[in-house]
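Protein chains: 2
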Amino acid sequence: MSNKIGNGTIIFDNPIYIIAYASVGSKKEGDGPLAGYVDFLCDDTTFGEKTWEKAESRIQKHAVEKSLLKADISVKDIDFIIAGDLLNQCIGSIYGSKDMDLPFIGLYGACSTMAESLAIGSVFLTNDSFENICCVTSSHFCSAERQFRFPLEYGGQRTPTSQWTVTGGGSVILSNNPKDIEKGIVIKAIKIGKIKDLGIKDSNNMGAAMAPSAAYTIKEYLNDTLTKPSDYDLILTGDLGEVGSDLLKKLLERENIDISKNHNDCGLMVYDIDKQDVNAGGSGCGCSAITLTSYIFKKMEEGIYKNVLFIGTGALLSTTSVQQGDTIPGISHLIHICKTNFIV
Amino acid sequence: MSNKIGNGTIIFDNPIYIIAYASVGSKKEGDGPLAGYVDFLCDDTTFGEKTWEKAESRIQKHAVEKSLLKADISVKDIDFIIAGDLLNQCIGSIYGSKDMDLPFIGLYGACSTMAESLAIGSVFLTNDSFENICCVTSSHFCSAERQFRFPLEYGGQRTPTSQWTVTGGGSVILSNNPKDIEKGIVIKAIKIGKIKDLGIKDSNNMGAAMAPSAAYTIKEYLNDTLTKPSDYDLILTGDLGEVGSDLLKKLLERENIDISKNHNDCGLMVYDIDKQDVNAGGSGCGCSAITLTSYIFKKMEEGIYKNVLFIGTGALLSTTSVQQGDTIPGISHLIHICKTNFIV
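As you go down the protein sequences, you meet chains A and B in turn.
In the working numbering, each residue's number is its place in the first sequence (first place is 1) plus 10.
In the working numbering, each residue's number is its place in the second sequence (first place is 1) plus 10.
For the record, the hints were derived by calculation from the structure and aren't laboratory data.
One should not assume that every hint holds.
Identical copies carry no separate label here, and so any pair may be met within one copy or between two of them.
Unchecked claim - Pairs of lysine-lysine, DSS-like flavour, derived with a Cα cap of 25 Å:
hint, residue 1, residue 2
1, K229, K37
2, K60, K211
3, K271, K37
4, K86, K259
5, K229, K86
6, K229, K285
7, K86, K316
8, K198, K316
9, K260, K80
10, K80, K198
11, K271, K259
12, K308, K76
13, K309, K76
14, K316, K189
15, K271, K316
16, K229, K198
Required output: the full structure, derived from the provided sequences and hints.
Dropping the structure here:
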């Protein structure tokens, strides 16, 4: 069924199949380097809705519907939808899923949600009672700014370490039934992360807050599996951005782990950070979701990447905790994704 | 392993053991009818902390530590901690769990979180790779009022349909290893609920917002299992309160399902609603958590209840969605709990 080998690490005896995936983005994502890989780009950041929050729900709906189409299955074939987002009480997910008539599992994992949902979905699918699970998440620049920082109308200056919340999302259909094994990609293992807190208090420097948890998860996974960074084509973090990525590499160097040759970060891939005025890079639940469900999975299908460690990174703060002077803990969950014919 | 029989309903071939549980409450809970069953009552609602939010984290810590003690196991024996709460970005859970050094799964299910965590923990434990999982949740009257309604200092009047958020929480240790089968209680089945929305917009009437989802989950579970209300000693909803409980019974009557003889609601059990000035009853994630992990589980151990349907009820709103004129959807997850020697 599956073979646990470490604290939170699970290697699946039978791989979990990624049978379909879909990505949604908006104007800025369409101006970025991944544009050609995104399924649905809407230049209008309202997505035809009256509020940013409703626009975010619409992103999730679009992503789920498109992924179901690509999987050539209907909503009735899905056992559960697993969703979460950054908004207070996860309203992006709740109003996005409420009309889908599916058993709903709500998560909160901040920007690690894409990885958290894939991890939980994968563990559920080690149980033969289930067959297909839909994992979805999103973020929206405007809803996130309003909630976590300032109203857009205020025109607040952004610090160099700040990141740009992605307006977009992604949906992944997982299955334990190998419907399309030839071109398919699978989840071979996961690691559920621990909360790590090195005392960062600057809510404009999320990369630094998340880097320690990413370093912990990567180091422990390599230990658990007796592998080294060069065993993977790509070690992909969620949204550390420029500052957090540098810190991650430094933290791992101290442990004699060198990921500099094959590390990349969704926050550095989703935008052209030299040209798009996003400071330290992209962020938000939608950042890793859109990157994974557009460019990364496509390149895996093509065989460009065969063996990827995806580490969803989350900064666990609220405006309340920041205002009360609390530190910002981070959490990072790992998904080991392989090209099917590579591991079979 | 387990036998799925309906949309979201799972009956476990091997029961999931509740090997320990612990409850925490404060002054008002200590003045209520369950006082004699609660493990830790602290008259000081700050629990020695500087803010209400930190007090809520402290509640979760106390509950987890006490449940580990009662299970006679250490943190190292726990595979995962599954936690969630009502606060923005679930900071009650995050700051409650951050020093526990455990793989952390964050949930958002509003007041259904105790049931959601038990459901996810149970499904995880159908996988033999895991052995023990800790499920915990909490709420705090003062942190909830500040976030969802008005600052306490404002002295706002409360409507008759409003409910009183429980200051408390509960922790449950689940295991697939029958350590103490003689006196033990087990989870026999679960049902993950769907989001239901009948258009309620009054955020002071959560009971009405949640009743439709509870009715749906109960009706479908009875259908799925070909059972009737009289097959159970108790059909226990989470926090519908007086208004929601009446609505639930009426909604089910329309479907020719009569639960009036064996229904009760944690929101009506945790306080003496005639004497304690709580209007329509208790509410919050802590409401079902404290009731389940004090009186209910104790009475099951004693054999008073042998067969209980616990339906965690959640109102999926945020202040943002309410201010934008949105309806309040509800979700209800069901846990079928049995006295061990009854089902073995």
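These are the hints, each one checked on the structure:
1. K229 x K37: neither (37 Å within a copy, 45 Å between copies)
2. K60 x K211: For K60 and K211, the Cα distance is within 25 Å only across copies (18 Å; inside one copy 34 Å).
3. K271 x K37: Cα proximity of K271 and K37: none, with 31 Å in one copy and 58 Å across.
4. K86 x K259: neither (44 Å within a copy, 29 Å between copies)
5. K229 x K86: For K229 and K86, only the inter-copy Cα distance (19 Å) is at most 25 Å; the intra-copy one is 40 Å.
6. K229 x K285: neither (33 Å within a copy, 56 Å between copies)
7. K86 x K316: neither (32 Å within a copy, 35 Å between copies)
8. K198 x K316: Within one copy, since 12 Å is at most 25 Å while 41 Å is not.
9. K260 x K80: So K260 and K80 fail the 25 Å test inside a copy (40 Å) and across (42 Å) alike.
10. K80 x K198: Classified as within: same-chain Cα gap 22 Å, cross-chain 36 Å, threshold 25 Å.
11. K271 x K259: For K271 and K259, only the intra-copy Cα distance (10 Å) is at most 25 Å; the inter-copy one is 63 Å.
12. K308 x K76: Answer is within; shortest intra-copy Cα gap is 15 Å, inter-copy 48 Å.
13. K309 x K76: within (19 Å within a copy, 49 Å between copies)
14. K316 x K189: within (19 Å within a copy, 43 Å between copies)
15. K271 x K316: within (16 Å within a copy, 60 Å between copies)
16. K229 x K198: within (18 Å within a copy, 38 Å between copies)
Of the hints listed earlier, those the structure fails to meet are numbers 1, 3, 4, 6, 7 and 9, in rising order.
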